[in-house]
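Trainee: Protein chains in written order, with the numbering used here: chain A, 1 to 111; chain B, 112 to 225.
Derived from the structure by calculation, the hints contain no laboratory data.
Being a predicted model, the structure only gives us computed values, none of them experimental.
From the three backbone atoms N, C-alpha and C, an ideal C-beta is built for every residue, glycine too.
Possibly wrong hints are sitting among the right ones.
If you anchor each label on the Cβ, the simulated ranges turn out as follows [stated by the list, open to error]:
#: 1; chain 1: B; residue 1: Ser169; chain 2: A; residue 2: Ser25; range: 20 to 28 angstroms
#: 2; chain 1: A; residue 1: Lys52; chain 2: B; residue 2: Glu139; range: 29 to 37 angstroms
#: 3; chain 1: B; residue 1: Asn141; chain 2: A; residue 2: Lys69; range: 33 to 41 angstroms
#: 4; chain 1: A; residue 1: Asn19; chain 2: B; residue 2: Thr131; range: 27 to 35 angstroms
#: 5; chain 1: B; residue 1: Lys125; chain 2: A; residue 2: Asn54; range: 23 to 31 angstroms
Here is what each chain is made of, one letter per residue.
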Amino acid sequence: DAKTTQPPSMDCAEGRAANLPCNHSTISGNEYVYWYRQIHSQGPQYIIHGLKNNETNEMASLIITEDRKSSTLILPHATLRDTAVYYCIVRVEDYGQNFVFGPGTRLSVLP
Amino acid sequence: DTGVSQNPRHKITKRGQNVTFRCDPISEHNRLYWYRQTLGQGPEFLTYFQNEAQLEKSRLLSDRFSAERPKGSFSTLEIQRTEQGDSAMYLCASSNQGNPYEQYFGPGTRLTVT
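Only chain A is shown next, with the shape it has when bound in the complex (with noise of 0.2 angstroms):
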């Protein structure tokens, strides 16, 4: 899988957007752009997951540069429970049937 690089850490004021950004530059042409996020204690969760276009879902929603080089995480109104580790991972649609994790990032929303 390609590597991705995210900031180990942010900060996000509670009601405000937090936008987390992951690069992706040696991504390849059939790789998917995943995020996944961990809450302290629990297993990880699928957040939302996208190839070339944005997308958008009930929790997030993904933009992805043209170049696909790059991509943000956007959680519109961010809130305290929406504090956890963000993983940005790239891969294949259903190839390798795992997930490659690196570090995330580490969300902190403050009251």
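Fit chain B to the supplied structure of chain A, relying on the hints for placement.
Mentor: Frame of chain A, contents of chain B only:
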């Protein structure tokens, strides 16, 4: 649907002892994964089952580790002759072949080897 469950949630053992963990996936999921996570790191893949067949094993899975999924439902992960370096959170996840994007993770089993 109660999600992925893992037992026990915590295990403390002495070096050299054997331990076994159990994972019960979501009932209709045919894929099951084991990961290991150490403090401050993301989960690392250990092994993967599709139904009862173990299709992939990581190099992290030494000879002391063995995993089974005998009837394609629950799975067990056994560690023989535990070492202090085995101390970690062991996570189980499951997914449906028809929806490969989402892996549903259990709460994990935290192993401490003293």
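Trainee: Now look at each hint and say whether the structure bears it out.
Mentor: Consistency of the hints with the structure:
{"no.": "1", "hint": "B:Ser169 / A:Ser25: 20 to 28 angstroms", "in the structure": "holds (26 angstroms)"}
{"no.": "2", "hint": "A:Lys52 / B:Glu139: 29 to 37 angstroms", "in the structure": "holds (31 angstroms)"}
{"no.": "3", "hint": "B:Asn141 / A:Lys69: 33 to 41 angstroms", "in the structure": "holds (35 angstroms)"}
{"no.": "4", "hint": "A:Asn19 / B:Thr131: 27 to 35 angstroms", "in the structure": "violated (43 angstroms)"}
{"no.": "5", "hint": "B:Lys125 / A:Asn54: 23 to 31 angstroms", "in the structure": "violated (52 angstroms)"}
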